[in-house]
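Enquirer: These protein sequences, in sequence, are chains E and D.
If you use the working numbering, the first sequence closes out at 1563, no skipped numbers anywhere.
If you use the working numbering, the second sequence closes out at 786, no skipped numbers anywhere.
Think of the hints as simulated: they come from the structure by calculation, not from any bench.
Just to be clear, a hint being listed does not mean it is correct.
Claimed, not checked - Derived DEER-like restraints, expressed as beta-carbon distance ranges:
no. : chain 1 : residue 1 : chain 2 : residue 2 : range
1   : E       : E1308     : D       : V706      : 23 to 31 Å
2   : D       : P717      : E       : A1282     : 52 to 60 Å
3   : E       : E1105     : D       : S650      : 25 to 33 Å
4   : E       : A1282     : D       : R471      : 21 to 29 Å
5   : D       : E704      : E       : T1255     : 31 to 39 Å
6   : E       : K1242     : D       : G472      : 26 to 34 Å
7   : D       : E593      : E       : T1489     : 55 to 63 Å
8   : E       : K1242     : D       : E553      : 50 to 58 Å
9   : D       : E593      : E       : E1159     : 39 to 47 Å
10  : D       : K719      : E       : E1235     : 46 to 54 Å
Even glycine gets a Cβ: it sits at the ideal position worked out from N, Cα and C.
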Amino acid sequence: VCFVPGGLDCSISFVSHVLGKVCIHGRQKEILGVLVPCLTDLTKSDCIWQRICWRLVECVPDRWMEAVVLGFVQRAPGADVLSRLLGNLVVKNKKAQFVVTQKMLLLQYGHTTEVLQNLLGYLSLDGLRRTLLLRVLQELLETWSSSSAVKHSTAEQQLYISKAILICLSHLKEPEIETHRQELLTSMMEGVKCRLDSSLPQQRRLGMVVAESISLKINTEGPVLKFEYEEDDETRELKFLLVQTPSFCNVPSLPDDDRSEKAGAALPLVPESNEKSHAAAPVMSNEESDTEFDSDDDLIPYDMSEDKELKIKAPVYIRDCIEVLTGSRTEDVDKWEATVKALESLVRKNPAATREVSVELAKILLHLEEKTCIEGFVELRQRAQVAVLTTDPIPVAKYLTSQFYSLNYSLRQRMDILDVLVLAAQELSCPKFLGKTKHSGAQKPCIQLLQGSDSSKGWRRVVDERIKNKTRRLDKGQCHVELASRPNEFNSVAGYFFFPLIQHFDRPLTTFDLLGEDHLVLGRLAHTLAILMYLAVNTVAVTAMGKALLEFVWALRFHTDSYVRQGLLSCISSLLLSVPTERILADMTEELLETQSWLGDVMEKDPDGDCRRLALQNLLLMENLKKKLEVVPS
Amino acid sequence: MALPPPDPQFVLRGTGAAVHILHFSCGGPEPDIPLLFSGSESGFIHVWNLRTHRVDTALDGHGRKSVYCVETMGGKDRLLSQGRDQRICLWDLAEGRTSVTDSVFTEHVGFCRCSLLKVAQGRWLMAMAARSLEEVQILELPSKTSVCTLKPEVGAKLGMPMCLKLWQLSCGSQPVLLAGYEDGSVVLWNVSMGKALSQLICHQEPVMSLDFDSEKAKGISGSSEKVLSIWSLNEQQNLQVYKTHELVNAGISDITIRPDKKILATAGWDHRIRIFGWKKLKPLAVLDYHTATVHCVSFSDHSNPRERLLAAGSKDQRISVWSIYAQT
């Protein structure tokens, strides 16, 4: 494409038309791949070419404007280049303005970070366009801080908006920050509030990083907001976006403004963690060479072989342990520590003695607080609780499930109860897949239950793998190897674990409202029930459990918290895996059909990616069930 | 074949409470009775007769609050005691009297033992932890005038002073203070100028006790961890770590170097007293008698070396007295 430069009054509108038509037909890549570098070079120093370029894009008809602008923004190697190419198009043309300020930022979220940087950098480079930048920032902040947006938008979109906000902030100048300080502060507070409320750790982290960055920008002196969270690649990337400053200013006056795009030139240096000012002085290298008579040789040491580490003896009997743990004497902390450490093994070695005092011990452990600082106290307590529960399942399970719904426990304690129930159930059941659909050489499914909010993810991964295995296997045909089976000890007690938990979920107490504020616990409850269901495979109560679980899921299926929905979908997976197919189809057909349509809905419309994936898996499982029944000769 | 460790020469019972501090006064000429002063948690200072092994007098001057420091001031007739009632009392014990002649209200609510140094006839300097968290005050006794207040610089974050030792290289030279703090560091202070000369981080945990050998310019400190730290003072008045020694069990309450600078004793939380050679910190003995943590150890000041004793006071309310390495 060659133009006749200088002097001639040529009409470019024809070229604009061609450009527009080509772009709208999806050939942006080809034509802009040639055009953009060409124009970049030409407009570098030549004002006339710049004006030609501006005229070119301005003349593109409105109906093709979007495609052209989009193409330019995506293809321009930097914000300054974009500025040279498009000029003040966004100010002059309404369609272009809409595309740049609204569509690309708020309605789409698939663009890369570089594109965002180009776009927002472009807006910041010219005085006329800066007003648009500010407006964009306001709108982004509004979206970011609205709680309904948080609930209904996907994680990727939220990440995208956060990135855009941070890049905008990095372009803001002092006076602009001054005028908008109040707004920034209000939006930040609202946004942080609804994000911290969320049960998903990723959203919380996002909220924390953005809030910190905003606070950093608006409070240049004085205390800055600081959250505690784990750094990972995502947070580091976000923080990097904030700090970089555009290393260029007004475009036309810089003739040698070359490849300094990305504005990465001013790389922030992470400040060195300040060393302790008085580091321990280095040990004197020259030992005192003792040439004089060493009078120490006179002193003959005594026998010191008895000098060993002092060990505090833990009590040997369970009842003694109870005494120590409930004792109020504050001096015997050594004994208390030793007791806590020894308790689990004592319980396991003395099942008969434990059974006599099991409920009392469970009560003590549930309320046990850390008296001194022991390493791994939480884990020790949990293991002791699991030991007690597995030794005497029925009364202790009754106690724990009743306490779950009682007044005056903290959320942490309630979630501990759930964790303990799950761990004990796992220990009791050690399930193996029996029957024809076993994978040859299948490993014993071991559900790694990790502490904290990762517990659901860990086991879900394993179950998902199982589902995948099962799904694939059926297509390949049946396997003939059968592994040895073991009686499921969970059989007799599964009901005691499961039904009390599911009974009262809709009854609010003064301090505990599962359906209201405490949706985090509700989510954990759903995941717990899913695991219990999964572990109850081949037990007698499994069908009744399945039915109750279906009702539970059905009542809560439209819950707004995505963590809860994930739990409910896991419940369905467990149900489909555990309850024998014949029973499913005999007793639960109508409910399953309804569930199927609900799952289809979730798969298409749910904002959360994990929910959609789980729904899809459930639908596949149901398909396989049907197929399986068709294969088996009646 | 090493001999088993010796048994205590005798054990003093009868304090009725945990023993926190011991101090010998045996240097007097005959026919003076060798005495051992002990301060206990019940607030009493017991004066033990080391010939009869019985309590001669019991001094009650701290309102039944624990006494954690006892020192004699030039002989057994004048005594200084410090208690948890935030007071330091000066006693006159001559001719059978048991009266408190003077007292200093320190307003210190911690456990930092004060340190005495005789600077001239009838004049002492006393370093004590003061009311303010990180400060050490130096007073002149018996006039009770304040000589200076040693304040660490702002932001130093040393914490409370845990143990103090005033010393001077020779009579007439500048008095210097070594202070161990809660953050594990030992600071050398120049008393006359009131400023810090050197600081050394010896431990990760608070310094529980320290002692210093001014002849060799070497000191040792113990903490609640398993490490004993030996440090030295060079010509530029800088503290440097010389050596560390790892113990079997964590926690040291008290360290003291024998006056002849040949051995030192440590009182441990593991109920054991350990003896080391001072020159190279060679472990010499582990004395395992007590059944609760040992709070204090003290060497006697007998003029006859063969009569020298080591006493240890423990939470189990007993004072064990040992004769160990007395022949050298």
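Enquirer: Each hint: holds or not?
Expert: Hint check:
For E1308(E) paired with V706(D), a C-beta distance near 28 Å keeps the hint of 23 to 31 Å intact. For P717(D) paired with A1282(E), a C-beta distance near 58 Å keeps the hint of 52 to 60 Å intact. For E1105(E) and S650(D), the hinted distance range of 25 to 33 Å is not satisfied, since their beta carbons lie about 59 Å from each other. For A1282(E) and R471(D), the Cβ-Cβ distance of about 40 Å falls outside the hinted range of 21 to 29 Å, so the restraint is violated.
A beta carbon spacing of about 37 Å between E704(D) and T1255(E) agrees with the range 31 to 39 Å that was offered as a hint. Our hint of 26 to 34 Å for K1242(E) and G472(D) holds, since their Cβ atoms are close to 30 Å apart. Distance hint check for E593(D) and T1489(E): the Cβ-Cβ separation is about 58 Å, which falls inside the suggested range of 55 to 63 Å. Between K1242(E) and E553(D), the C-beta spacing of about 52 Å keeps the proposed range 50 to 58 Å intact.
Taking the beta carbon of each, E593(D) and E1159(E) are about 41 Å apart, inside 39 to 47 Å as hinted. Between K719(D) and E1235(E), the C-beta spacing of about 28 Å breaks the proposed range 46 to 54 Å.
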